[in-house]
Structure formats: structure tokens, C-alpha cells
Amino acid sequence: MVREGAGWRDIPRGGLILSPGNAARYVTGDWRTFRPTWHPERCIQCFLCWVYCPDAAIEVKDGKVAGVDYKHCKGCGICATECPDKAHALTMERDEGERGVEV
Amino acid sequence: MAQTETKAGRFTARGPKGRPAGRVALTGNEAVALAMRQIEPDVVAAYPITPQTDIVQYFSSFVADGRVATEFVTVESEHSAMSATVGAAAAGARAMTATSANGLALMWEVLYIAAGSRLPIVMPVVNRALSAPINIHCDHSDAMGARDSAWIQLWSEDAQEAYDNVIQAVRIAEHPDVHLPVMVCLDGFIISHALMNLEVLPDEVVKDFVGSYRPDSSLLDPERPITVGPLDLYDFYFEHKRQQAEAMRAAAPVIREVAEDYETVSGRRYGDFDAYRLEDAHTAVVVLGSAAGTARFVVDELRRDGRRVGLLKPRVFRPFPGLELADALAGLDAVAVLDRSDSFSTMGGPLFAETRAALYQRAVGRANRKDSGPSSGSGPGNGRPLPITVNFIYGLGGRDIDPGDMRAVFSRLARVVETGDTGDVVNYLGVRE
Amino acid sequence: MASLREMAAAPQLFAPGHRMCAGCGAPVVMRQVLSVAKKPVVVSCATGCLEVATTIYPYTAWRCSFIHNAFENSAATMSGVEAAYRSLKRQGKLKGEMLFLAVGGDGGTYDIGLQSLSGMLERGHRVVYLCYDNGAYMNTGIQRSSATPRGADTTTTPAGTESAGKRQPRKDLLAIVAAHHIPYAAQGSPSHWRDLTRKAEKAFEAGGPAFLNLLAPCPRGWRYDTAQTIELTRLAVETCFWPLLEIEHGRCKITYRPKQKKPLTDFLKAQGRFKHLFKDENKHLLEELQNEVDDNWKDLESRCGEPG
Numbered sequence: 002m003v004r005e006g007a008g009w010r011d012i013p014r015g016g017l018i019l020s021p022g023n024a025a026r027y028v029t030g031d032w033r034t035f036r037p038t039w040h041p042e043r044c045i046q047c048f049l050c051w052v053y054c055p056d057a058a059i060e061v062k063d064g065k066v067a068g069v070d071y072k073h074c075k076g077c078g079i080c081a082t083e084c085p086d087k088a089h090a091l092t093m094e095r096d097e098g099e100r101g102v103e104v
Numbered sequence: 015m016a017q018t019e020t021k022a023g024r025f026t027a028r029g030p031k032g033r034p035a036g037r038v039a040l041t042g043n044e045a046v047a048l049a050m051r052q053i054e055p056d057v058v059a060a061y062p063i064t065p066q067t068d069i070v071q072y073f074s075s076f077v078a079d080g081r082v083a084t085e086f087v088t089v090e091s092e093h094s095a096m097s098a099t100v101g102a103a104a105a106g107a108r109a110m111t112a113t114s115a116n117g118l119a120l121m122w123e124v125l126y127i128a129a130g131s132r133l134p135i136v137m138p139v140v141n142r143a144l145s146a147p148i149n150i151h152c153d154h155s156d157a158m159g160a161r162d163s164a165w166i167q168l169w170s171e172d173a174q175e176a177y178d179n180v181i182q183a184v185r186i187a188e189h190p191d192v193h194l195p196v197m198v199c200l201d202g203f204i205i206s207h208a209l210m211n212l213e214v215l216p217d218e219v220v221k222d223f224v225g226s227y228r229p230d231s232s233l234l235d236p237e238r239p240i241t242v243g244p245l246d247l248y249d250f251y252f253e254h255k256r257q258q259a260e261a262m263r264a265a266a267p268v269i270r271e272v273a274e275d276y277e278t279v280s281g282r283r284y285g286d287f288d289a290y291r292l293e294d295a296h297t298a299v300v301v302l303g304s305a306a307g308t309a310r311f312v313v314d315e316l317r318r319d320g321r322r323v324g325l326l327k328p329r330v331f332r333p334f335p336g337l338e339l340a341d342a343l344a345g346l347d348a349v350a351v352l353d354r355s356d357s358f359s360t361m362g363g364p365l366f367a368e369t370r371a372a373l374y375q376r377a378v379g380r381a382n383r384k385d386s387g388p389s390s391g392s393g394p395g396n397g398r399p400l401p402i403t404v405n406f407i408y409g410l411g412g413r414d415i416d417p418g419d420m421r422a423v424f425s426r427l428a429r430v431v432e433t434g435d436t437g438d439v440v441n442y443l444g445v446r447e
Numbered sequence: 331m332a333s334l335r336e337m338a339a340a341p342q343l344f345a346p347g348h349r350m351c352a353g354c355g356a357p358v359v360m361r362q363v364l365s366v367a368k369k370p371v372v373v374s375c376a377t378g379c380l381e382v383a384t385t386i387y388p389y390t391a392w393r394c395s396f397i398h399n400a401f402e403n404s405a406a407t408m409s410g411v412e413a414a415y416r417s418l419k420r421q422g423k424l425k426g427e428m429l430f431l432a433v434g435g436d437g438g439t440y441d442i443g444l445q446s447l448s449g450m451l452e453r454g455h456r457v458v459y460l461c462y463d464n465g466a467y468m469n470t471g472i473q474r475s476s477a478t479p480r481g482a483d484t485t486t487t488p489a490g491t492e493s494a495g496k497r498q499p500r501k502d503l504l505a506i507v508a509a510h511h512i513p514y515a516a517q518g519s520p521s522h523w524r525d526l527t528r529k530a531e532k533a534f535e536a537g538g539p540a541f542l543n544l545l546a547p548c549p550r551g552w553r554y555d556t557a558q559t560i561e562l563t564r565l566a567v568e569t570c571f572w573p574l575l576e577i578e579h580g581r582c583k584i585t586y587r588p589k590q591k592k593p594l595t596d597f598l599k600a601q602g603r604f605k606h607l608f609k610d611e612n613k614h615l616l617e618e619l620q621n622e623v624d625d626n627w628k629d630l631e632s633r634c635g636e637p638g
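Chains as they are written, first to last, in this note's numbering: chain S, 2 to 104; chain D, 15 to 447; chain B, 331 to 638.
Keep in mind that the hints were calculated from the coordinates and are not lab data.
As the structure is a prediction and not an experimental result, all values here were calculated from the model.
Where a beta carbon is used, it is the ideal one built from N, C-alpha and C, also for glycine.
Be aware that one or more of the hints could be misleading.
Claimed, not checked - Straight-line distance between alpha carbons at most 27 Å, and here's what the computed DSSO-like set of lysine-lysine pairs gives:
id	chain 1	residue 1	chain 2	residue 2
1	B	419	D	221
2	B	369	S	65
3	S	62	S	87
4	B	532	B	425
5	B	425	B	501
6	B	501	B	605
7	D	221	B	425
8	B	589	S	65
9	S	62	B	501
10	D	221	B	423
11	S	87	B	591
12	B	368	S	62
13	B	532	S	87
Said to hold, decoys possible - To spell it out: a stretch of chain B is covered by chain D in this simulated footprint if at least three of its residues, at any positions, have a beta carbon under 8 Å from a beta carbon of chain D; those stretches are:
id	segment
14	442 to 454
15	466 to 477
Make a model of the complete structure from these sequences and hints.
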């Protein structure tokens with residue numbers, strides 16, 4: 002990973018990026034105005050939130066939906082819209098936190 | 015394709031290892047195509063354009079006859095030719111293409127991307143005038159238009175030099191300190207279509223010389239995925255451009271090293287430029303490409319009459335060997351720089367601008383170093399004023415330049431020296447007034 | 331056919347932390363397509379939203395190899411990558427199979443990249459080309475492209491007193507692509523993920539050039555609430571504005587038929603870019619647009635035959 006402020010001698014040539022997927026280290030959660038809350042007790046594990054999330058911010062653990070990655074969730078609300086009515090396991094609320102990140 | 019078959023037959027150049035395979039008569043395009051066959055790039059993506067077309071055709075016949083393992087991509091434009099070549103090079107392939115004139119102009123956007131992405135692509139450019147008006151014949155406006163694209167440029171005087179340059183270009187481009195694309199320029203028709211007896215190397219000598227390409231990263235290595243061509247904003251773009259400038263600087267000694275190695279396998283010596291009868295000359299011309307042959311002929315002729323004249327023919331235009339070139343010219347009284355393209359700056363052609371800048375830099379550098387020790391101002395011409403420099407734009411759109419024109423240039427230089435009057439700095443040679 | 335659970339268990343090649351806008355449709359289609367890539371994949375991308383927002387140096391959202399060259403040459407660039415693969419493979423310098431995915435937005439595909447795409451398809455490279463179609467140049471600020479639907483208000487076809495948005499209908503890119511007689515071409519919508527991912531699987535296994543035209547709404551360009559992205563693509567399908575179809579070796583097939591075709595206005599009224607069409611003076615245009623959709627659907631049905 003290229004260090005911030007690195008000089009030209011210390012970075013790979015030509016803009017080559019050698020750390021695949023390192024965007025995951027970049028926080029986009031502070032873009033959020035509304036935050037989804039996942040209610041595990043209502044979740045039917047249909048994975049629709051996972052497949053429709055633009056930000057790959059639905060966490061999956063041991064083959065199950067396990068919550069929201071608030072470090073990256075931008076709060077678009079697609080997951081809550083697409084969560085089946087019968088489950089209603091994701092709800093949107095105004096994000097009251099600091100504009101910083103709550104993980 | 016019977017004709018191509020016959021010509022392809024002449025490309026078989028065999029000889030004992032390490033020895034030149036002997037003399038064969040080839041056109042410039044055939045010589046380049048032969049070099050490409052011997053290099054055997056992994057990928058060639060090319061599009062036909064006069065006068066480069068033969069190269070594509072000959073190479074296609076090598077592919078069709080299974081003489082190369084190259085994947086030949088018959089793209090639908092030069093833009094795609096360079097784009098596919100960039101893709102192939104980023105995928106770790108040794109990749110080549112070739113073009114001329116408007117084809118090079120269509121590639122323009124991607125030329126910068128190839129260089130900025132530091133991809134070691136080699137591309138023969140068969141020089142031809144840019145439109146408009148459309149013209150298929152030789153001038154240097156195409157390659158000169160790309161002179162600031164961070165491509166290394168090697169220029170060729172004849173088919174022999176074109177052949178030798180293409181082979182050397184591979185090693186230069188792929189050198190770890192360089193990693194820049196290389197353009198090998200040869201004059202359209204004058205070199206590309208004229209038959210010449212030249213010395214070619216046996217296939218295995220060329221293969222040995224270029225070696226196998228081992229890229230340090232590749233799109234095709236699933237174990238180590240890479241991202242090529244990111245969005246690079248004000249926080250790092252400048253650093254990447256600085257690297258590029260450094261790579262071009264580092265190319266100068268690499269080009270010399272490769273030329274030395276090449277001399278050991280070919281017996282032919284190449285420098286950054288060829289200084290011909292320059293040591294004791296009072297006046298000289300500086301000229302790129304095939305016109306240097308005409309200049310050489312006239313220099314010999316005038317020398318027989320006791321005139322102290324010489325020639326400087328750059329082979330390497332990017333990086334520009336400015337200081338060395340200025341050293342070589344510094345002792346002269348007057349120099350004419352011949353440009354086969356106009357920059358339309360009203361200040362002369364591109365070779366003239368570079369030459370004058372180099373002379374000025376040398377003079378200023380000497381002034382700045384005045385009291386800095388014994389090494390200051392030790393070059394030829396020390397203490398003498400810089401040569402008077404004049405520029406002749408010539409040969410646009412394939413207009414012939416003959417010995418008479420060249421004699422006129424030397425006469426003008428003699429007059430300039432005699433009278434001390436430079437006259438017009440920028441002149442048009444061989445145009446009807 | 332993988333279930334969502336299986337897809338989620340596969341390595342995710344598209345990482346979070348990219349900087350596409352909240353609610354953007356493009357990363358949704360990318361994630362769906364990449365989740366069915368069963369071999370290592372190389373992606374090229376035309377200049378555009380997806381490219382800039384996923385590779386802001388020194389970050390990359392791509393866990394697979396990725397190359398961006400320029401705007402109009404994603405297909406040509408990937409042609410070179412695939413040619414390199416074939417060459418190195420033939421020479422025994424490479425082992426293992428790989429997949430090649432060239433990507434572009436509608437500007438980079440329908441417009442400036444059309445020649446490059448055509449060349450790649452005609453030459454027969456084993457590359458899947460994915461167009462994420464959001465119907466305008468969104469990256470530069472919502473200018474019309476040849477994929478912009480008729481009537482849409484964009485910054486270069488603004489609705490005004492003398493204009494009701496873009497005048498021309500969308501270019502039928504799928505037909506142009508199909509005219510290259512490639513093994514597989516399809517149109518999909520992220521709402522119908524099962525249909526989309528099945529098409530992606532077919533495209534990857536086509537053995538030759540394949541093309542996917544995928545609807546990818548842009549909340550800013552279409553002017554709707556970000557939470558409605560998938561719902562809008564569903565409406566696009568249910569109104570037959572965006573038919574789901576595939577053309578396999580020349581055989582055209584509608585892969586999803588709405589049970590009850592919804593009126594086009596359901597799709598249009600949900601978007602600010604069509605708001606002016608609902609003014610009294612433009613009502614006739616709504617009718618024309620509905621007729622256009624109906625005619626296209628009829629034409630499609632006649633090409634595909636009855637449902638079977």
C-alpha cells in the first residue's frame with residue numbers, strides 16, 4: 002500500500018496498484034445520512050439485501066447475513082426497500098451519529 | 015499471396031551463431047518485418063496504412079505460415095491497434111505495432127497512455143506527412159507530433175539502421191530502469207520501399223539478443239492481481255510524471271549500453287548520433303533520417319574540394335542527447351539544422367529548436383560554471399562563441415532533397431561565416447517561391 | 331444456477347470502499363456478474379463513473395486484475411489482453427483458464443466505444459462485454475447519449491419551452507451487437523438477479539464474444555430517491571420498457587414476460603427526468619412513448635415467437 006505523501010522514488014511506476022481491493026480500507030460510511038438497522042430476529046436469510054447492495058456492505062458470516070458494514074454503508078436504503086415485507090428486517094433511521102464512523 | 019511468399023522466402027537469414035547471416039537485398043519495410051519475425055513478439059496488433067502496409071502484410075504471412083508464435087490482432091483502426099497493444103503489454107506480453115502519419119495521429123491519445131502506464135511497446139513508424147492536404151509521402155510531421163509523448167524515438171538513415179534499431183528497441187524498452195515505449199522511425203518510401211543490401215543477423219542471434227521478456231507484473235497473474243490505469247489526482251499524478259521524466263533520463267545510458275552489446279553481435283556501432291567528418295569542420299548540417307545520406311555524399315564531395323564541412327545525424331531524438339550534441343557542434347562556425355517538418359511556431363522546426371536549446375544550455379552552463387574548477391569549459395570550442403545556427407525546413411510531403419539542395423545549404427553556411435550575417439534564420443529549402 | 335447464499339460464499343471480487351454514489355446501479359450489476367465468475371477474471375473498464383470511482387489512486391476496489399485505458403477503447407484493450415492470453419498460453423507460458431470482462435457505460439459503449447466494440451465482436455475474441463446502461467453521460471453531469479430514452483431531460487437536452495427533452499429514441503444496441511452473429515447477447519436487469527446472473531454465466535461460457543446490456547439506474551441523473559434503484563429497474567421490466575431477452579446463436583428469446591404489463595407511466599413518473607412529460611402540453615408524448623414501447627414489444631414477440 003502506497004503511503005500518503007510518498008515521493009516519486011517510493012511508489013510503483015506508472016500508477017500501478019499492487020494491493021488488490023485495498024479500497025476496503027477506505028471509509029465511505031461517513032457519507033451516510035440515514036442508517037439501516039438490521040433486526041436479526043426478523044431476518045429470513047433471503048440475501049436480497051446482499052445481492053442488491055451497491056456497496057458490498059451487507060456482512061455475511063458463516064453463510065448467513067450477519068449485519069451491516071457501517072464502515073462502508075452509504076445509507077442508500079436499497080436494502081430496506083428490497084427486504085421482503087413479510088420480514089421487514091432492515092429499517093432506515095436518520096443517522097444520529099457523528100459524521101465520523103461507527104463500526 | 016505468391017509475391018509475399020517469394021519475398022518471405024528472402025527473409026530466411028541463416029548463418030553460424032554469432033556471425034552476421036550475410037547480405038540480403040531488402041526494402042526498409044521488409045527489413046523491419048524481418049526484425050519483427052526474429053523478435054517474435056507475443057502480440058502484434060496493427061492496421062494498414064501507406065507506407066507502413068507492407069510490414070503488416072509481411073508479418074501476416076509469417077503468422078499464416080506458422081513461422082512465429084505471435085497472436086496477430088487485425089484491429090479495425092490505429093486507435094484500437096495502440097489500445098490492444100497497451101492491453102497486451104499490460105498482460106505481460108511483448109507487444110508491437112507499426113503505423114504511419116494519420117494512423118499515428120489517431121493513436122495520439124493512447125501513445126500517452128502507453129508511456130504513462132510505462133509499457134515497453136516497440137513501434138516502427140514509417141514516416142509520412144500528416145494531412146491536410148492528404149499526402150502519402152515522407153516527412154517527419156507524424157513522429158514529431160508525438161515528440162512529447164514520452165516515447166523514446168530512434169531514427170534511421172536506411173534499411174540497415176531501421177533493422178538494427180528495431181532489434182535494439184526491444185532491449186531498451188524493457189530495461190527495468192526505462193520501461194518506456196520506443197518508436198523506430200524510418201522515412202516513408204525513401205527507406206520503406208527502396209531496396210538495399212544489408213547485413214542481417216541469424217534468427218538465433220536476434221532471439222538471444224532480445225532474450226525472453228519477464229514482466230514484473232501482469233494482468234494474467236491471478237496470484238497477484240493488479241490495477242492498471244487508475245484515476246490519479248493532484249496527490250500522486252505529478253510523482254508519476256516525475257518518474258517518467260526520470261525513466262527518459264535513465265534511457266540515455268541504456269541506449270548506449272544496448273548499442274555496445276549490439277555491436278558485439280553485429281559488428282555495427284551506433285551512437286546517440288553520428289558525427290561525420292565533424293572534428294575539424296567549420297560548418298555542418300544536422301539532419302535526421304534518409305537525408306543524412308545525401309548530406310554525407312555532399313560532405314565527401316566538398317571535402318575533396320578542401321572545404322571543411324561535416325554532418326551530425328541524430329539517431330536518438332528522445333531522449334534528446336542535447337549536451338553531447340552541443341559539445342560536438344560547439345567548435346563550429348555555423349550550423350544548418352534541417353527539419354523535415356515545421357512546428358509552425360515561426361521559430362523553426364523541432365530539431366532546430368532542440369539543437370538551439372542545447373547549444374544555449376551548454377553556453378549558459380559554461381558561464382555558470384566559470385569559477386567552479388578545472389572541469390569547467392573543457393569541451394571543444396571552449397572560449398569561442400557558439401556557432402551561428404540557421405534552420406532549413408525541407409522535403410515536406412515527400413519533396414525530394416538532392417545533392418544540389420545540400421550544396422546550397424553549405425554555400426549559405428559559408429556565406430554566413432564569411433559575412434557574419436545570419437540572414438533569415440528559418441528558411442524553406444526546395445519550395446517554389 | 332447458484333443461489334444467493336452460494337454467490338455470497340464465493341470470493342467477492344468487487345470490494346467495498348469504492349466511491350460510486352449512494353444507490354448507484356452500476357456496482358450492483360458488477361457485483362452480480364462477478365459473483366458468477368468461476369475462473370480468475372480480468373476486467374477492463376472504459377473511462378466513466380465506474381472506472382473513476384473504483385480506482386482513485388492509491389486505492390482500487392478490484393480484487394481481480396483491472397485495466398483502464400481510455401474512454402472509447404475498453405473492447406480494444408481487452409482484445410489485446412485476450413490476445414496476450416492466447417499467445418502466452420499457446421507458448422506454454424501460462425497455465426489455467428481465465429475470463430475476460432470488458433466494461434463500459436452507455437456513453438463508452440453506444441457512442442464513443444461503438445467501433446472498438448464492433449471490432450472486438452467481429453474478430454471473435456473470447457471476451458464478455460458488459461454495458462452498464464444508465465442512459466446518459468452521468469460522469470460528466472448527465473448529458474444525453476444515444477442510449478438516453480426519448481423525452482428524458484438531460485443537461486444537453488433540457489426540457490424547455492421549445493423542447494420536451496431528448497427527441498430521438500434509444501439506439502437499439504442489442505440489435506447492432508446481434509448483427510455481428512456472436513454466440514451470445516442478452517439484456518438484463520439487476521432487479522431480476524436470477525435472470526441476470528444466469529445470463530452472465532452463459533456469457534462467460536459462450537466460447538466467443540458475448541454481450542450483456544444491463545440496466546443501471548443513476549439516482550442523480552434519473553432524479554429519484556436512492557432507495558428506489560432496484561424498484562425502478564423492476565418497473566422498467568414490468569412496463570416492457572427494458573425487456574429481458576437473450577439472443578443465443580441468433581435465436582432470440584424473451585426470458586421474462588410480465589404477468590400484467592404495467593403502464594409505462596409507472597416507470598416514468600417515478601423519475602424527475604420525465605417530470606415535464608406529465609404537463610398537459612406534453613400528454614401526447616406520453617401516449618407516443620407508450621406506443622413505442624408497445625410496438626417494440628410486439629416486434630420482439632414476433633422475432634422471438636410465442637412463449638414456449
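> What hint numbers does the structure not satisfy?
Replying inline: 5, 8, 9, 13, 15
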